[in-house]
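Visitor: Based on the hints, put chains Y, W and U in the right spot on chain R.
Protein chains: 4
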Amino acid sequence: MTQSPQKPRVTIYNEFVHEQKNDFVKSIYPNGMHAPIATGLREHLGVEARIATLEMPEHGLSEEVLNATDVLVWWGHVAHGQVADSVVDRVQRRVLEGMGLVVLHSGHYSKIFKRLMGTSCGLLWREAAEKERLWVVNPNHPITQGIPACIVIENEEMYGEQFDIPDPDELLFISWFEGGEVFRSGAVWHRGRGRVFYFRPGHEAYPTYHHPDVLKVISNGVRWAAFQGNTETRGIGNCFHVAQPLEPISEKNYAGGVVHPTEFQDRLT
Amino acid sequence: MTQSPQKPRVTIYNEFVHEQKNDFVKSIYPNGMHAPIATGLREHLGVEARIATLEMPEHGLSEEVLNATDVLVWWGHVAHGQVADSVVDRVQRRVLEGMGLVVLHSGHYSKIFKRLMGTSCGLLWREAAEKERLWVVNPNHPITQGIPACIVIENEEMYGEQFDIPDPDELLFISWFEGGEVFRSGAVWHRGRGRVFYFRPGHEAYPTYHHPDVLKVISNGVRWAAFQGNTETRGIGNCFHVAQPLEPISEKNYAGGVVHPTEFQDRLT
Amino acid sequence: MTQSPQKPRVTIYNEFVHEQKNDFVKSIYPNGMHAPIATGLREHLGVEARIATLEMPEHGLSEEVLNATDVLVWWGHVAHGQVADSVVDRVQRRVLEGMGLVVLHSGHYSKIFKRLMGTSCGLLWREAAEKERLWVVNPNHPITQGIPACIVIENEEMYGEQFDIPDPDELLFISWFEGGEVFRSGAVWHRGRGRVFYFRPGHEAYPTYHHPDVLKVISNGVRWAAFQGNTETRGIGNCFHVAQPLEPISEKNYAGGVVHPTEFQDRLT
Amino acid sequence: MTQSPQKPRVTIYNEFVHEQKNDFVKSIYPNGMHAPIATGLREHLGVEARIATLEMPEHGLSEEVLNATDVLVWWGHVAHGQVADSVVDRVQRRVLEGMGLVVLHSGHYSKIFKRLMGTSCGLLWREAAEKERLWVVNPNHPITQGIPACIVIENEEMYGEQFDIPDPDELLFISWFEGGEVFRSGAVWHRGRGRVFYFRPGHEAYPTYHHPDVLKVISNGVRWAAFQGNTETRGIGNCFHVAQPLEPISEKNYAGGVVHPTEFQDRLT
Numbered sequence: 134m135t136q137s138p139q140k141p142r143v144t145i146y147n148e149f150v151h152e153q154k155n156d157f158v159k160s161i162y163p164n165g166m167h168a169p170i171a172t173g174l175r176e177h178l179g180v181e182a183r184i185a186t187l188e189m190p191e192h193g194l195s196e197e198v199l200n201a202t203d204v205l206v207w208w209g210h211v212a213h214g215q216v217a218d219s220v221v222d223r224v225q226r227r228v229l230e231g232m233g234l235v236v237l238h239s240g241h242y243s244k245i246f247k248r249l250m251g252t253s254c255g256l257l258w259r260e261a262a263e264k265e266r267l268w269v270v271n272p273n274h275p276i277t278q279g280i281p282a283c284i285v286i287e288n289e290e291m292y293g294e295q296f297d298i299p300d301p302d303e304l305l306f307i308s309w310f311e312g313g314e315v316f317r318s319g320a321v322w323h324r325g326r327g328r329v330f331y332f333r334p335g336h337e338a339y340p341t342y343h344h345p346d347v348l349k350v351i352s353n354g355v356r357w358a359a360f361q362g363n364t365e366t367r368g369i370g371n372c373f374h375v376a377q378p379l380e381p382i383s384e385k386n387y388a389g390g391v392v393h394p395t396e397f398q399d400r401l402t
Numbered sequence: 134m135t136q137s138p139q140k141p142r143v144t145i146y147n148e149f150v151h152e153q154k155n156d157f158v159k160s161i162y163p164n165g166m167h168a169p170i171a172t173g174l175r176e177h178l179g180v181e182a183r184i185a186t187l188e189m190p191e192h193g194l195s196e197e198v199l200n201a202t203d204v205l206v207w208w209g210h211v212a213h214g215q216v217a218d219s220v221v222d223r224v225q226r227r228v229l230e231g232m233g234l235v236v237l238h239s240g241h242y243s244k245i246f247k248r249l250m251g252t253s254c255g256l257l258w259r260e261a262a263e264k265e266r267l268w269v270v271n272p273n274h275p276i277t278q279g280i281p282a283c284i285v286i287e288n289e290e291m292y293g294e295q296f297d298i299p300d301p302d303e304l305l306f307i308s309w310f311e312g313g314e315v316f317r318s319g320a321v322w323h324r325g326r327g328r329v330f331y332f333r334p335g336h337e338a339y340p341t342y343h344h345p346d347v348l349k350v351i352s353n354g355v356r357w358a359a360f361q362g363n364t365e366t367r368g369i370g371n372c373f374h375v376a377q378p379l380e381p382i383s384e385k386n387y388a389g390g391v392v393h394p395t396e397f398q399d400r401l402t
Numbered sequence: 134m135t136q137s138p139q140k141p142r143v144t145i146y147n148e149f150v151h152e153q154k155n156d157f158v159k160s161i162y163p164n165g166m167h168a169p170i171a172t173g174l175r176e177h178l179g180v181e182a183r184i185a186t187l188e189m190p191e192h193g194l195s196e197e198v199l200n201a202t203d204v205l206v207w208w209g210h211v212a213h214g215q216v217a218d219s220v221v222d223r224v225q226r227r228v229l230e231g232m233g234l235v236v237l238h239s240g241h242y243s244k245i246f247k248r249l250m251g252t253s254c255g256l257l258w259r260e261a262a263e264k265e266r267l268w269v270v271n272p273n274h275p276i277t278q279g280i281p282a283c284i285v286i287e288n289e290e291m292y293g294e295q296f297d298i299p300d301p302d303e304l305l306f307i308s309w310f311e312g313g314e315v316f317r318s319g320a321v322w323h324r325g326r327g328r329v330f331y332f333r334p335g336h337e338a339y340p341t342y343h344h345p346d347v348l349k350v351i352s353n354g355v356r357w358a359a360f361q362g363n364t365e366t367r368g369i370g371n372c373f374h375v376a377q378p379l380e381p382i383s384e385k386n387y388a389g390g391v392v393h394p395t396e397f398q399d400r401l402t
Numbered sequence: 134m135t136q137s138p139q140k141p142r143v144t145i146y147n148e149f150v151h152e153q154k155n156d157f158v159k160s161i162y163p164n165g166m167h168a169p170i171a172t173g174l175r176e177h178l179g180v181e182a183r184i185a186t187l188e189m190p191e192h193g194l195s196e197e198v199l200n201a202t203d204v205l206v207w208w209g210h211v212a213h214g215q216v217a218d219s220v221v222d223r224v225q226r227r228v229l230e231g232m233g234l235v236v237l238h239s240g241h242y243s244k245i246f247k248r249l250m251g252t253s254c255g256l257l258w259r260e261a262a263e264k265e266r267l268w269v270v271n272p273n274h275p276i277t278q279g280i281p282a283c284i285v286i287e288n289e290e291m292y293g294e295q296f297d298i299p300d301p302d303e304l305l306f307i308s309w310f311e312g313g314e315v316f317r318s319g320a321v322w323h324r325g326r327g328r329v330f331y332f333r334p335g336h337e338a339y340p341t342y343h344h345p346d347v348l349k350v351i352s353n354g355v356r357w358a359a360f361q362g363n364t365e366t367r368g369i370g371n372c373f374h375v376a377q378p379l380e381p382i383s384e385k386n387y388a389g390g391v392v393h394p395t396e397f398q399d400r401l402t
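Chains as they are written, first to last, in our numbering: chain R, 134 to 402; chain Y, 134 to 402; chain W, 134 to 402; chain U, 134 to 402.
So here's chain R without its partners, still in its complex pose (with noise of 0.2 angstroms):
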């Protein structure tokens, strides 16, 4: 199955913390950060997406439901010390299998962000409540689609650059901060036969999840990322060995002898 499913399966990671232990943080998400992010996909895509928590049994990324998910949207920040690795490692496998996956904001900080990236995916960061200001650097892209030229949110963290990551594929979006930073705010890769989406906005001190823009973004970033690379292709996951040569390889007189090159493996390990 390659093509891009019309209702992908949506699964989204919420670590669930602050939303249960913060008096203000539950204020704003009373049901938790991942609800009305569910909203979002639910308006604009028609999907009923699973929730998933740090508390969970396995976090709820268990090997079926993460084989039942084409897209896993993650959003951690105080816990992500507290994700078992084996988690971790099933969810770098499906993505490198075809699933997709939408990283938000304090997520650039997880072990599977992390992991896909290869660099420390550092940054610098200030909490104050600032202006940001979403600017649409590629309008070719299916998740800039829709999407003003700029998009406001009033109160927000700071993060800034430099940010440890590998280039992106593309780069989506560049923030203004009020306080005089700028960050590369959406970013996506290809990794395996999965795609990555990185956004920026949804500190848990701020109601961004409620913003229609961001909301879009997301399902935006959703619905793209929900493709699924070519499956007849190979070399993802493992070495495939391909004994017999597509083109006639010329005998050599190599090691001692002639050897026919369907005999060579054995001949020389």
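Derived by calculation from the structure, the hints in this document are not laboratory data.
Computed from a predicted structure; not experimentally measured.
Hints are supplied without guarantee of correctness; some may be wrong.
The list treats identical chains as interchangeable, and a pair is accepted whether it falls inside one copy or across any two copies.
[Stated by the list, open to error] Straight-line C-alpha distance at most 25 angstroms; calculated DSS-like pairs for lysine-lysine:
1. K385 with K154
2. K385 with K159
3. K154 with K244
4. K159 with K349
Guide: Here is chains Y, W and U on its own, set in the frame of chain R:
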């Protein structure tokens, strides 16, 4: 120190297993595969490389050695699994800090390369002593300077696409194989402040590391990877708190009262 | 209109010279090379392509036609020089506005492709009816979906590296040729709000456009290129004056006095 | 000659119109905007740049001058349209052959930059003497070495996204503007064997080219762009016929008979 050192301090990690166990391999590389590579670096760059092997304590890659290494060359094959995770952690950290890494041939499946790529790094392969032609596709890179349009290797193992890597920052070489496959044989990425170069040729059963053009490419690669990125930027290795805004942030009436920017964090967390 | 139209309006520009002058070419493409391409688009996308040829007024690419075209397919070879510059200007403008462009084979040397690339678009070539194998290197792109790991074409003209193009946004196919060369045979770029796909196969002396996989790739390419980027961004086609700042700019004591931001331009120019 | 010359031969093209017509601009740049740029190159690279201006014969960019130029720096604004197409053709050809090009500020709208990009190179702008902050986003590039994490320019013209350029090969700087916009202010591309660096700052009404960090970036850019790619590859500037195959091509029973590879071309065309 941000400029590329004139004479980089180079360490060659060679697993050094085949050359001790297999007589035919030993006949090609009597002093180990690292020996001709070291000779090439001596001739082209005037550097005396340090040698590290699997069987040494910490595989010869102690904290002290890595801290005194500008570029690490990596060859491994059958013993990837025996490389200690703690050493892989250390090498990754050093790459992000600015150490260059040149990964050769079967090193595509090493822990460190997979770690930095985030993918499976799988591929197709066949051992039939077939002819390989490496074509330069990017004449504009330091690594391809002085290299003919096409390097011919009479006998090599085949590696074929699809090669499961992130899209390279720059693609330098594409290989043609007698048996019908192609491969992205030379590619570069940056990770943190460090640079990574993957170069395909060099199966242990063939005298590839006696080939002058191959040695020249490796030397070019070491010189290029010796670059240590700008340390004046932050964000690599950790998240850096910018308590004091660069630009004035207006006071916000937020979270139940007017809050001054620099008091925000205490208020909310 | 920013979403990819379900049924894009496609125009195929075919120079249509060889098929009228050369009996052997005519025997392969009795109705022109555009005919089987149009059939492929009909079968895969359900669209009825408009045909444009060199000899038509304005080469069949009038303002009206281009304004009603979502994707333009381009095949040319011996008569690149006869294409009017005014038509090339018009096609370029339409691409920047959002029209897709699929450039086939010898179209690499067309005025419009060179114009959009900014390079010479030179390459190596040989006509010897040799075998070509096109390998998928990016399984994650819509254009490679449903395509086998390797497309085999029994007889084709050879194109070889180094191919003088800007680094593609994404590289999709690499060709292997019987005679020893390789080529970046499928690649995409975006330019303004439009998308460009170059696909190598299709010399007039071979029945390449009767090959089902080739037609499927072209159809995938047309579907992908039919995307028209977000028109809510500005900056494409002109420079846009933002007279009124979005954020307050402090009054500056500059150029001999205190100047209010919105008066600055008159003062200095 | 493929190595980066120690002391590149640099030509600075400065339109040199504002400085002769506008008293305020003249007060900032009494000897032309090229003067402080040349001083910066002298101090950082020890080179004595040649000066070319619009009013000189052939704008000071004759065949002889360009053939003796390793890197051309370009500043233009009001007189882009007066630059002769024949000179633009010549500069483009030299870039493809290996000459570096450093395009400054309003040079984004020059004929030569548009020619090499293939896009409109449009953007948003405002002249309000506002503050600009240029953030390094790529610490791994020679152009950002020795540059602080953020360059502050107190007064500048604003350029804002969406900037209509092809995706850069590497993005180096992002600007923050007081008035709320962001911009991709430093970016590189390669074209043929040449390298292109675009750097945003430098409106004629501000003393930007007296800023030490700006001069350092320009000097770094000139040093980087002085690289002349490998001339052993072919394909740049023309199409190269490889009459004799590198590998044996089997005789083909094609086009009405068995044809030997090297006779093919005559038979069919």
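Visitor: Run every hint past the structure and note whether it holds.
Guide: Hint check results:
1. In this assembly of identical chains, K385 and K154 lie within 25 angstroms of each other by CA distance solely across copies; the values are 24 angstroms between and 71 angstroms within a copy.
2. Taking the closest pair of Cα atoms, K385 and K159 come within 25 angstroms of each other only across two copies (20 angstroms); inside a single copy the shortest separation is 72 angstroms, beyond that limit.
3. When the C-alpha separation of K154 and K244 is checked against a cutoff of 25 angstroms, the pair qualifies only within one copy, where the shortest distance is 23 angstroms, while the shortest distance between copies is 39 angstroms.
4. Proximity of K159 to K349 under the C-alpha cut-off of 25 angstroms is restricted to the intra-copy arrangement: shortest distance 23 angstroms within a copy versus 50 angstroms between copies.
Comparing the model with each numbered hint stated earlier shows that all of them hold.
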